[in-house]
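Residue numbers (our numbering), protein chains in the order written: chain A, 1 to 638; chain B, 1 to 345.
The hints are simulated quantities; they were obtained by calculation from the structure and are not laboratory data. Be aware that a few hints might be false.
Said to hold, decoys possible - Just the calculated beta-carbon pair ranges, DEER-fashion:
| # | chain 1 | residue 1 | chain 2 | residue 2 | range |
| --- | --- | --- | --- | --- | --- |
| 1 | B | TYR192 | A | GLY45 | 32 to 40 Å |
| 2 | A | PRO89 | B | MET1 | 38 to 46 Å |
| 3 | A | GLU551 | B | GLN210 | 40 to 48 Å |
| 4 | A | GLU30 | B | PRO251 | 41 to 49 Å |
| 5 | A | LEU384 | B | PRO221 | 24 to 32 Å |
| 6 | B | GLU167 | A | PRO442 | 45 to 53 Å |
Claimed, not checked - Sample of chain B residues facing chain A (criterion: CB under 10 Å; computed from the structure):
| # | residue |
| --- | --- |
| 7 | VAL145 |
| 8 | LYS157 |
| 9 | ARG220 |
Said to hold, decoys possible - List of simulated lysine-lysine pairs, DSS-like, C-alpha gap at most 27 Å:
| # | chain 1 | residue 1 | chain 2 | residue 2 |
| --- | --- | --- | --- | --- |
| 10 | A | LYS515 | B | LYS317 |
| 11 | A | LYS387 | A | LYS53 |
| 12 | A | LYS515 | B | LYS227 |
| 13 | B | LYS215 | A | LYS515 |
As the structure is a computational prediction, the values presented were derived from the model and not from experiment. In this text, a Cβ means the ideal position worked out from N, Cα and C, and glycines have one as well.
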Amino acid sequence: MNRFAELLDRLAYEPGRNNKLRLITSYFREVPDPDRGYALAALTGALSFKHAKPGLIRDLIAARTDPVLFALSYDYVGDLSETVALMWPRSFLKQPPTPEPSPPLAALAEGGEKQTTGETPLPPRSRRGGVGGGGTTATTASTVNLPSQRTSTQAASSGHNNPPPPTLTEVVITLRTLGKTELPGQLARWLDELDETGRWALLKLVTGAMRIGISARLAKTAAAALGNKDPHDVELIWPGLTPPYVDLFAWLEGRGDKPVNRDPAPFRPVMLAHAIETTDFANLDAADYIAEWKWDGIRVQAVSGRDENDNATARLYSRTGEDISKSFPDLLPSLRLQDSSDVTLDVSRKPLRTFRHQAFAIDGELLVLRDGRVQSFNVLQQRLNRKAVTPKLMKDFPIHLRVYDLLSDDDGDLRELPFAERRTRLEAFIAQLDDPRIDLSPTIPFDDWETITAARADPASAGAGDDADAVEGVMLKRRDAVYLPGRPKGQWWKWKRDPHIIDAVLMYAQRGHGKRSSFYSDYTFGVWTNGESGEQLVPVGKAYFGFTDEELIQIDRFVRRNTTEKFGPVRHVVHEANQGLVLEVAFEGLQRSTRHKSGVAMRFPRINRLRWDKPPREADRLETLELMLKAEGGMPSP
Amino acid sequence: MRPQDILMPAATGLCCKPGGFHIDPVRPVERALITHGHSDHARPGHGAVLATQETLDMMRLRYGDNFARSTQAISYGETVSLGEVSATFHPAGHVLGSAQIAVTHGGTRIIASGDYKDASDPTCAPFEVVPCDVFITEATFGLPVFRHGNAADEVAKLLASVALFPERAHLVGAYSLGKAQRVIALIREAGYDAPIYLHGAMEKITHYYQSRGVKLGDLRPVKGMKKADLAGTITLAPPSATSDIWTRRFPDPVTAFASGWMRVRARARQRGVELPLVISDHADWDGLIATINATGAGEIWVTHGEEEALVHWCTTKGLAARPLALVGYGDEEEAALTDDEGGSE
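All chains, full assembly: derive it from the sequences and hints.
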């Protein structure tokens, strides 16, 4: 557990992706099965047990510490798990022996001052052993290389009176089987046995609040790196694996065969597009490409299959392979395979589908459709990250799948086929499926780049009709492109419509992390509004990318030279009507927000250009954003 | 005479009227007794200064030869009579030359301990417990969440990281007086004998440590080094420099920070630290209470830091305790941090 805790601790501070990978891979290399497998499970969110409530943790600490000291500590640290981890009393230490009662000096009385040099000082902190400390009265300060006092403590702390700290495996197995009433006692025993970092990690694990910025994908990539395997290979077999992944590690280390994915409805790593630049078109032949609308929804993969017992399974995955089926129960029936034997005999009802497919995997966009019209991303957002999917929610926000690729069907894996061929199969497949919740994303007919440029500029007249508002741009896919995981060059292009753009004024700057830790690279910007004290800037967003390295250096220099105040890591940068830096900010959409003082929140804001030429007073106003918001039909954020 | 008549807090610092001197005064005074060389305790401009030879040397290095009108060096264990009182200096274990000052009047002894730690430190004399009636303690880490563990383990963490990332530079933020030299000595104790690089602001004080016989191995200025040659190396720098433009000369640096504050994650994250090293030159919570117990003092005065918690603890143990509410002292690392660009060359 302590080794795992050390890993979590280090990961929590490491901003760089590659460095995180190195840390995780080196952990997998050092730590044996099954501990490393459970660590992989913890990092990928594959562990499930009933989590301990914060109240339980509070009770445990309340029974062991002074309430005033706990309150002061909690107030200082700000995080319950961390406070408890840090102030949990050390159980193994016997109370330090009371120092020899020293006679009050009053008893030594007169002449004492002449004798002070002869006093025998007590050794420092008696429980740390009696090394050093004594007889130092005449020592000069050049004394060096004293034996370490702390070392003796370490020996004591790992001494015989203490059981060894639990392994991660013990913790996971025990938590799975433990009854509710036994949890507090067990937790207390572990907390006694672990060190500060170990206690912190344990509490994060049992309260289910890891939050260390590691995606499941990153953890799997780190595992793949252990055996120099392609992360996609791990991704492909992943759904068939269970903790502690002994088979997986055996394969990665070359000691065993590749585990077979027995999952009837596995995820397939998705293919992504590059953003196209206008200069790219010169080298591209329109005849090689098929164009589709780029929908402003959620990329998903819908998979259906049968297990060994012939039971049908359907799953919906996010683009990262996360199983999100539970959030969309209203879509699942459309994905579930039906046997002809299930066809109802009730002739008054439309017969259920009798198509013969045994398995399929389709790639598409999740949208909300009302009366056949695609709703904005803001509307779709109401369906995301919901704990409870209520009938009302499903009725008010009817979910829909618009598909654009077929990755497998009864003939097996289709990913090696050219896109044009997959598209033909997809069209037949969707026609046969004939489900109102699933339709085909249409292609945009074009012969030359001018046509597609016009379509992008005005989707409504180019076939998108009333759904044009939900069009984010166009996708260009090579007819001969096979389906490759990741972002292969030159196969798929995305050509977004021009984003929303405003001119805002830089207000605050904060240092970045990792490579950028010496740069002020996180910017809060604002627009003008008429406030209580007349014209003033109100913050509307924060951006930390979009600029070039050269621009970063320029902004950084501007921030350092124009700081008016510092609040910890944040610099207040001059922003007056005639003094300050105007940033052209691009963003994808707007939402009402109760969290922001301005009442609006931007989606995907980034710095588009630096407007050194523009005085701040000419920057945009909040009213402009309000108008955009109305045009977007933005909904209040949940 | 009551203890508070012997030593009393004043705007200038801790004042001893019957002895006619101040301890660590924050404003210029006629006669000053200085516990150690950190800038919040040792300030220039006093008339006469009494301190250990090391503390006087450090003040001279920092402020120049005329930092006081006159100086007098005192050894550990040595006593001087000042007015109606006598003062004795004892090791405080904080940094090289740091002292606790025992002020005795009649039958009453008060210890002004300055900053201290009871953990081992290869670069200075260990803390000495001196029995007293009143113990004046700092409270920099006066909360039970601060327990600092073994400094050698933290250094092991640093060396493991250097081994794991041989193509990156490791940049260790450490206060230039005391912490930096202790970290270097600990790195050497751990068996690392490659050259260690120094930020320009650290060179003078570190060489002073070496001149006092503290073994720190092969130290080199980082200035003038090629970026690529700094891969796999360790450089010590003042905390403020580790997030400064200065860091751009290092290949993909890992930013470490050696401080007791690193015990609390939010503090480390706020500083953008990637590798927090919990190494403190102040007593941690356990150290504070063990020391208070060991002195046998019946009355505890608490100065700079988290006074409230420590005073509360004393009260629950039946000890008379009060906060001294002295201003002008803080953790020197924190003081260095507010001076954002201060560490750059």
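Hint-by-hint comparison with the structure:
no.: 1; hint: B:TYR192 / A:GLY45: 32 to 40 Å; result: 38 Å, holds
no.: 2; hint: A:PRO89 / B:MET1: 38 to 46 Å; result: 40 Å, holds
no.: 3; hint: A:GLU551 / B:GLN210: 40 to 48 Å; result: 45 Å, holds
no.: 4; hint: A:GLU30 / B:PRO251: 41 to 49 Å; result: 25 Å, violated
no.: 5; hint: A:LEU384 / B:PRO221: 24 to 32 Å; result: 55 Å, violated
no.: 6; hint: B:GLU167 / A:PRO442: 45 to 53 Å; result: 50 Å, holds
no.: 7; hint: VAL145; result: 4 Å, holds
no.: 8; hint: LYS157; result: 8 Å, holds
no.: 9; hint: ARG220; result: 21 Å, violated
no.: 10; hint: A:LYS515 / B:LYS317; result: 49 Å, violated
no.: 11; hint: A:LYS387 / A:LYS53; result: 18 Å, holds
no.: 12; hint: A:LYS515 / B:LYS227; result: 14 Å, holds
no.: 13; hint: B:LYS215 / A:LYS515; result: 34 Å, violated
Of the hints listed earlier, those the structure fails to meet are numbers 4, 5, 9, 10, 13, in rising order.
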